[in-house]
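*Asks:* For reference, the chains in residue letters:
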Amino acid sequence: MTEIASLTRRSALLAIAGAIVARNAWATPDATRDWLASQAKGTSKEGKITLKAPEIAENGNAVPVTVSVESAMTEQSYVKALYVAADGNPNPGVITFEFTPASGKAEVQFRTRLAQTQKLVAVAEMNDGSLYMASREVKVTIGGCGG
Amino acid sequence: MSDDIKPRLRVPATAKKGEVVEVKTLITHPMENGQRKGPDGKIVPRLIVNSLKVTYNDKPVLNVKLEPAIAANPFLSFFVRVEESGTLKFTWTDDENQSWTAESKIEVA
Numbered sequence: 001m002t003e004i005a006s007l008t009r010r011s012a013l014l015a016i017a018g019a020i021v022a023r024n025a026w027a028t029p030d031a032t033r034d035w036l037a038s039q040a041k042g043t044s045k046e047g048k049i050t051l052k053a054p055e056i057a058e059n060g061n062a063v064p065v066t067v068s069v070e071s072a073m074t075e076q077s078y079v080k081a082l083y084v085a086a087d088g089n090p091n092p093g094v095i096t097f098e099f100t101p102a103s104g105k106a107e108v109q110f111r112t113r114l115a116q117t118q119k120l121v122a123v124a125e126m127n128d129g130s131l132y133m134a135s136r137e138v139k140v141t142i143g144g145c146g147g
Numbered sequence: 001m002s003d004d005i006k007p008r009l010r011v012p013a014t015a016k017k018g019e020v021v022e023v024k025t026l027i028t029h030p031m032e033n034g035q036r037k038g039p040d041g042k043i044v045p046r047l048i049v050n051s052l053k054v055t056y057n058d059k060p061v062l063n064v065k066l067e068p069a070i071a072a073n074p075f076l077s078f079f080v081r082v083e084e085s086g087t088l089k090f091t092w093t094d095d096e097n098q099s100w101t102a103e104s105k106i107e108v109a
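These protein sequence lines are chains G and X, in that order.
The numbering of the first sequence is UniProt numbering, which starts it at 1 and goes up by one.
The numbering of the second sequence is UniProt numbering, which starts it at 1 and goes up by one.
In isolation and in its complexed conformation, chain G is listed as follows (with noise of 0.2 angstroms):
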């Protein structure tokens, strides 16, 4: 709960930054809520997510990501599907993971693009309906997204 009122306070001075500096029409914190809750709808809360990216990323072309749900993953209770956005990147979404109890473990690894320096939220549901949020700010010295 905490997270999303302070989301919503940085949002707003971004908002007023952006206005400032005119960004491109590229994705802000505001635009990454918006796609996170076009995906799973309702109120996450901390917790259950493990998130790891390097702090400072060299090279913004491929940025490794690992993410791990707590989940026993059995038919009672599993990881429906998994979220990640950036909030930086000229679109927000990342990648989504649908999981099955097949699945055994709720952890992925893949290699994200990132423009600049931003952070990166993953969004757990599960399959009870309640979400999980967890975030986590790269640098990034070289941004990978061509131009």
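Quick caveat, the hints were computed from the structure, so don't treat them as lab data.
Keep in mind that this is a model prediction, so the values were computed, not measured.
Backbone N, C-alpha and C fix where the C-beta goes; we use that ideal spot for every residue, glycine too.
Treat the hints with care, since some could be wrong.
[Stated by the list, open to error] Which chain X residues face chain G? A few, computed with CB under 7 angstroms, are given here:
#	residue
1	Val-20
2	Gln-35
3	Ile-48
4	Pro-60
5	Lys-65
6	Glu-67
7	Phe-75
8	Phe-79
9	Val-80
[Stated by the list, open to error] The list that follows gives simulated cross-link-like pairs (lysine-lysine, BS3-like), each with its CA atoms no further than 30 angstroms apart:
#	chain 1	residue 1	chain 2	residue 2
10	G	Lys-80	X	Lys-105
11	X	Lys-37	G	Lys-119
12	G	Lys-48	X	Lys-6
13	X	Lys-17	G	Lys-80
14	G	Lys-45	X	Lys-65
15	G	Lys-80	X	Lys-65
16	G	Lys-105	X	Lys-53
17	X	Lys-59	G	Lys-105
18	X	Lys-53	G	Lys-45
19	X	Lys-24	G	Lys-48
20	X	Lys-53	G	Lys-52
21	G	Lys-52	X	Lys-89
22	X	Lys-24	G	Lys-80
23	X	Lys-24	X	Lys-65
24	X	Lys-59	G	Lys-48
25	G	Lys-119	X	Lys-24
26	G	Lys-48	X	Lys-53
27	X	Lys-42	X	Lys-105
28	G	Lys-80	X	Lys-59
29	G	Lys-105	X	Lys-24
30	X	Lys-16	G	Lys-80
31	G	Lys-41	X	Lys-59
32	X	Lys-37	G	Lys-80
33	G	Lys-119	G	Lys-45
34	X	Lys-89	X	Lys-16
35	X	Lys-89	G	Lys-139
36	G	Lys-139	X	Lys-24
37	X	Lys-53	G	Lys-119
38	G	Lys-52	X	Lys-16
39	G	Lys-48	X	Lys-16
40	X	Lys-24	G	Lys-52
Since the structure of chain G is already known, use the hints to place chain X on it.
*Replies:* Showing chain X alone in chain G's frame:
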């Protein structure tokens, strides 16, 4: 161009019953993100692998939806619970609806 798109897998050949095994996959694909400009100054149109579906003995295990923010030659690692011997099947699909499949057998000892 589609000739050089090749899926690669790393899947254990054997597992114990009920074991959760790690699977690593990679498909060589440029993942044009639709943001980059080509030598002629025009934007290169988006062309990415947007989906990977994984099944074990034809039962769904995992669906992945990829966005342009995924790096070229998308690498994915994840887990599968193995209860019986069978075939793990992977299907990648790109924006032009081309698809590539790969299979790997797991023997339960």
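*Asks:* Decide, hint by hint, whether the structure agrees.
*Replies:* Evaluation of the provided hints:
no., hint, result
1, Val-20, "4 angstroms, holds"
2, Gln-35, "5 angstroms, holds"
3, Ile-48, "11 angstroms, violated"
4, Pro-60, "6 angstroms, holds"
5, Lys-65, "4 angstroms, holds"
6, Glu-67, "4 angstroms, holds"
7, Phe-75, "5 angstroms, holds"
8, Phe-79, "4 angstroms, holds"
9, Val-80, "6 angstroms, holds"
10, G:Lys-80 / X:Lys-105, "26 angstroms, holds"
11, X:Lys-37 / G:Lys-119, "26 angstroms, holds"
12, G:Lys-48 / X:Lys-6, "35 angstroms, violated"
13, X:Lys-17 / G:Lys-80, "23 angstroms, holds"
14, G:Lys-45 / X:Lys-65, "24 angstroms, holds"
15, G:Lys-80 / X:Lys-65, "14 angstroms, holds"
16, G:Lys-105 / X:Lys-53, "17 angstroms, holds"
17, X:Lys-59 / G:Lys-105, "16 angstroms, holds"
18, X:Lys-53 / G:Lys-45, "29 angstroms, holds"
19, X:Lys-24 / G:Lys-48, "23 angstroms, holds"
20, X:Lys-53 / G:Lys-52, "24 angstroms, holds"
21, G:Lys-52 / X:Lys-89, "28 angstroms, holds"
22, X:Lys-24 / G:Lys-80, "21 angstroms, holds"
23, X:Lys-24 / X:Lys-65, "16 angstroms, holds"
24, X:Lys-59 / G:Lys-48, "27 angstroms, holds"
25, G:Lys-119 / X:Lys-24, "26 angstroms, holds"
26, G:Lys-48 / X:Lys-53, "25 angstroms, holds"
27, X:Lys-42 / X:Lys-105, "45 angstroms, violated"
28, G:Lys-80 / X:Lys-59, "16 angstroms, holds"
29, G:Lys-105 / X:Lys-24, "14 angstroms, holds"
30, X:Lys-16 / G:Lys-80, "25 angstroms, holds"
31, G:Lys-41 / X:Lys-59, "27 angstroms, holds"
32, X:Lys-37 / G:Lys-80, "37 angstroms, violated"
33, G:Lys-119 / G:Lys-45, "18 angstroms, holds"
34, X:Lys-89 / X:Lys-16, "19 angstroms, holds"
35, X:Lys-89 / G:Lys-139, "37 angstroms, violated"
36, G:Lys-139 / X:Lys-24, "27 angstroms, holds"
37, X:Lys-53 / G:Lys-119, "28 angstroms, holds"
38, G:Lys-52 / X:Lys-16, "29 angstroms, holds"
39, G:Lys-48 / X:Lys-16, "28 angstroms, holds"
40, X:Lys-24 / G:Lys-52, "18 angstroms, holds"
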